[in-house]
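In order, the protein sequences belong to chains V and L.
The opening residue of the first sequence carries number 1 in the numbering used here; numbering runs sequentially from there.
The opening residue of the second sequence carries number 132 in the numbering used here; numbering runs sequentially from there.
Any given hint might turn out to be false.
[To be verified] Taking lysine to aspartate or glutamate pairs in the DMTMM-like style, the calculated list, with each CA pair at most 20 angstroms apart, reads:
| no. | chain 1 | residue 1 | chain 2 | residue 2 |
| --- | --- | --- | --- | --- |
| 1 | L | LYS421 | V | GLU47 |
| 2 | L | LYS421 | V | ASP44 |
| 3 | L | LYS421 | V | GLU48 |
| 4 | V | LYS94 | L | GLU166 |
| 5 | V | LYS111 | V | GLU7 |
| 6 | L | LYS148 | V | GLU129 |
| 7 | L | LYS473 | V | GLU7 |
| 8 | L | LYS473 | V | GLU47 |
| 9 | L | LYS421 | V | GLU114 |
| 10 | L | LYS473 | V | ASP69 |
| 11 | L | LYS473 | V | ASP86 |
[As the list claims (entries may be wrong)] Across the chosen pairs, the derived CB separations fall in these ranges:
| no. | chain 1 | residue 1 | chain 2 | residue 2 | range |
| --- | --- | --- | --- | --- | --- |
| 12 | V | GLU6 | L | LEU449 | 37 to 47 angstroms |
| 13 | V | GLU129 | L | HIS270 | 32 to 42 angstroms |
| 14 | L | LYS135 | V | ASP55 | 32 to 42 angstroms |
| 15 | V | GLU57 | L | ASP463 | 40 to 50 angstroms |
| 16 | L | LYS496 | V | SER21 | 53 to 63 angstroms |
| 17 | L | LYS135 | V | ASP115 | 34 to 44 angstroms |
[Said to hold, decoys possible] To give an idea of the chain V side of the interface with chain L (calculated C-beta under 7 angstroms), a few residues:
| no. | residue |
| --- | --- |
| 18 | ASP39 |
| 19 | VAL41 |
| 20 | PRO46 |
| 21 | GLU62 |
| 22 | VAL64 |
| 23 | TYR97 |
Derived by calculation from the structure, the hints in this document are not laboratory data.
Cβ coordinates follow ideal geometry from the N, Cα and C atoms, glycine included.
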Amino acid sequence: MSNIPEELVYTESHEWVRKESDGSITVGVTDHAQSMLGDLVFVDLPEEELEVSRDEECCVLESVKAAADVYAPVSGVIVEVNHELDSTPEVINKEPYDAGWLFRMIPSDEKEFEDLLDAEAYQECVKAEAH
Amino acid sequence: MTNKTALYDQHVAAGAKIVDFHGWLLPIHYGSQIEEHLQVRTQAGIFDVSHMTIVDLAGKDSENFLSYLLANDVAKLKTPGKALYTAMLNETAGIIDDLIVYKINATNFRLVLNAATREKDLIWIRQQLKGREVKLTEHQDLVNLAIQGPKAREKTAQALPENLRESALNLKPFTSVIQGDWQVSRTGYTGEDGFEVLLPKAEAAQFWQALLAVGIKPCGLGARDTLRLEAGLNLYGSDMDETVTPLESNITWTVALEPKARNFIGRAALEAQQQQGHYPHLLGLLLQDKGVLRAGQKVFQRGQEIGVIISGTFSPTLKQSIAFARVLAQGDEDCQVQVRDKMLTASLVKLPFVRNGQAVFKLIKEVEGNE
Chain V
1 MSNIPEELVY
11 TESHEWVRKE
21 SDGSITVGVT
31 DHAQSMLGDL
41 VFVDLPEEEL
51 EVSRDEECCV
61 LESVKAAADV
71 YAPVSGVIVE
81 VNHELDSTPE
91 VINKEPYDAG
101 WLFRMIPSDE
111 KEFEDLLDAE
121 AYQECVKAEA
131 H
Chain L
132 MTNKTALYDQ
142 HVAAGAKIVD
152 FHGWLLPIHY
162 GSQIEEHLQV
172 RTQAGIFDVS
182 HMTIVDLAGK
192 DSENFLSYLL
202 ANDVAKLKTP
212 GKALYTAMLN
222 ETAGIIDDLI
232 VYKINATNFR
242 LVLNAATREK
252 DLIWIRQQLK
262 GREVKLTEHQ
272 DLVNLAIQGP
282 KAREKTAQAL
292 PENLRESALN
302 LKPFTSVIQG
312 DWQVSRTGYT
322 GEDGFEVLLP
332 KAEAAQFWQA
342 LLAVGIKPCG
352 LGARDTLRLE
362 AGLNLYGSDM
372 DETVTPLESN
382 ITWTVALEPK
392 ARNFIGRAAL
402 EAQQQQGHYP
412 HLLGLLLQDK
422 GVLRAGQKVF
432 QRGQEIGVII
442 SGTFSPTLKQ
452 SIAFARVLAQ
462 GDEDCQVQVR
472 DKMLTASLVK
482 LPFVRNGQAV
492 FKLIKEVEGN
502 E
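In isolation and in its complexed conformation, chain V is listed as follows (with noise of 0.2 angstroms):
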């Protein structure tokens, strides 16, 4: 069974989001997404200061076997890429929610907040994959 921290949002196409104390937000892919993509070994991650909107594509996840797209969250601006991942892509297997995270942004609309998922509706969400 994969690993949902209680404390985190999550989205349907398996990103999680952390809110942190300055109102910006950090973003990265949930221990189902790494574990359904095989060992990681490529990532393209997004320019700093570019502007996103609610599902738009900003980074693609490369492993072994396929290539997955990752999808904003939120609308917002990205403030920084962890580029730890330039050399170490296999960190987000290991970690996904702590040194595997992907990048952070400032968003730009609280509203959108309401649509994201608590840990449990994720839970539920994984399992109906599952069927």
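Given the coordinates of chain V, work out where chain L should sit on it, guided by the hints.
For chain L alone, coordinates are given in the frame of chain V:
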């Protein structure tokens, strides 16, 4: 309908992630595909390949029949146990399947064919068999294990039944020994030394456990795919099918055009294509930029599209992306591949990329229409 191999429960117990592969429930990996890949390059790994199709042909006319059915010449199999890799072609030299043929004795041969092509292969072989005195028997009573890696032979020998140990260790490449229902062959699909072992289902779990006990690690289909790509070996259905010929698929070496008197299915079409000379080649691609090459991406030289990638992955040995592409190359090795919205720099290389754990690829300096 999904099939399970006789070792399904062993895979689950070993922590396998199972996928449906052409109707067979098989392990894709047991944790990490990359670790399994490196295990085979440096030590030894086992693959359960029991989904593959095994067909025996028996009768006085068997050799004659295979000489007509297959693009390579079974007359090369001079002694019992010898093996030959080849393809079965249609009249237009399109590849129906690739396979290994083993000589059991003067009148008995064994074919190991792909799983995904089983039905059409059997229909095709039976059609060609009409009026011949050859009996076809399909084996569904055997387990097929590939044990590959620099330590594979030495370790496997410790797990084999005693009466097979010495003869297995004495095998030269592309030969096999058969004793009762067991067959040990020094063949494989990874670019490493090793064995492929056929054995009765009833003895499979015990042999599997014995292989694990001597330190051989189970490996899944994922590692099998990256290993065969590094080794420059084609996967039927991805790199070749009935729309392409051996000349276009980097397996011209599996076709015997000599002696000229031997007639085989597809011969006339192959000769015509060879004479005409202008056809695409299957070459290797090494990505010089960061990223991963995938099937379907287009390849360019000097702004002109020259072909398409048919298999691509990340090479755990070379730590960069590699691919097979079918291209009409024009000159040197430099090319570009369109990956999403970017043009990435790649080099055309002569296959394979890796043999016996070492990088061996050569850059293509001059690529002509002919080789």
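Hints and how they fare:
no.: 1; hint: L:LYS421 x V:GLU47; in the structure: holds (16 angstroms)
no.: 2; hint: L:LYS421 x V:ASP44; in the structure: holds (9 angstroms)
no.: 3; hint: L:LYS421 x V:GLU48; in the structure: holds (19 angstroms)
no.: 4; hint: V:LYS94 x L:GLU166; in the structure: holds (14 angstroms)
no.: 5; hint: V:LYS111 x V:GLU7; in the structure: holds (19 angstroms)
no.: 6; hint: L:LYS148 x V:GLU129; in the structure: holds (16 angstroms)
no.: 7; hint: L:LYS473 x V:GLU7; in the structure: violated (37 angstroms)
no.: 8; hint: L:LYS473 x V:GLU47; in the structure: holds (14 angstroms)
no.: 9; hint: L:LYS421 x V:GLU114; in the structure: violated (37 angstroms)
no.: 10; hint: L:LYS473 x V:ASP69; in the structure: holds (15 angstroms)
no.: 11; hint: L:LYS473 x V:ASP86; in the structure: holds (17 angstroms)
no.: 12; hint: V:GLU6 x L:LEU449: 37 to 47 angstroms; in the structure: holds (42 angstroms)
no.: 13; hint: V:GLU129 x L:HIS270: 32 to 42 angstroms; in the structure: holds (38 angstroms)
no.: 14; hint: L:LYS135 x V:ASP55: 32 to 42 angstroms; in the structure: holds (40 angstroms)
no.: 15; hint: V:GLU57 x L:ASP463: 40 to 50 angstroms; in the structure: violated (35 angstroms)
no.: 16; hint: L:LYS496 x V:SER21: 53 to 63 angstroms; in the structure: holds (59 angstroms)
no.: 17; hint: L:LYS135 x V:ASP115: 34 to 44 angstroms; in the structure: holds (42 angstroms)
no.: 18; hint: ASP39; in the structure: holds (5 angstroms)
no.: 19; hint: VAL41; in the structure: holds (4 angstroms)
no.: 20; hint: PRO46; in the structure: violated (13 angstroms)
no.: 21; hint: GLU62; in the structure: holds (4 angstroms)
no.: 22; hint: VAL64; in the structure: holds (5 angstroms)
no.: 23; hint: TYR97; in the structure: violated (19 angstroms)
Violation of the numbered hints given earlier is confined to hints 7, 9, 15, 20, 23; the remaining hints are satisfied by the structure.
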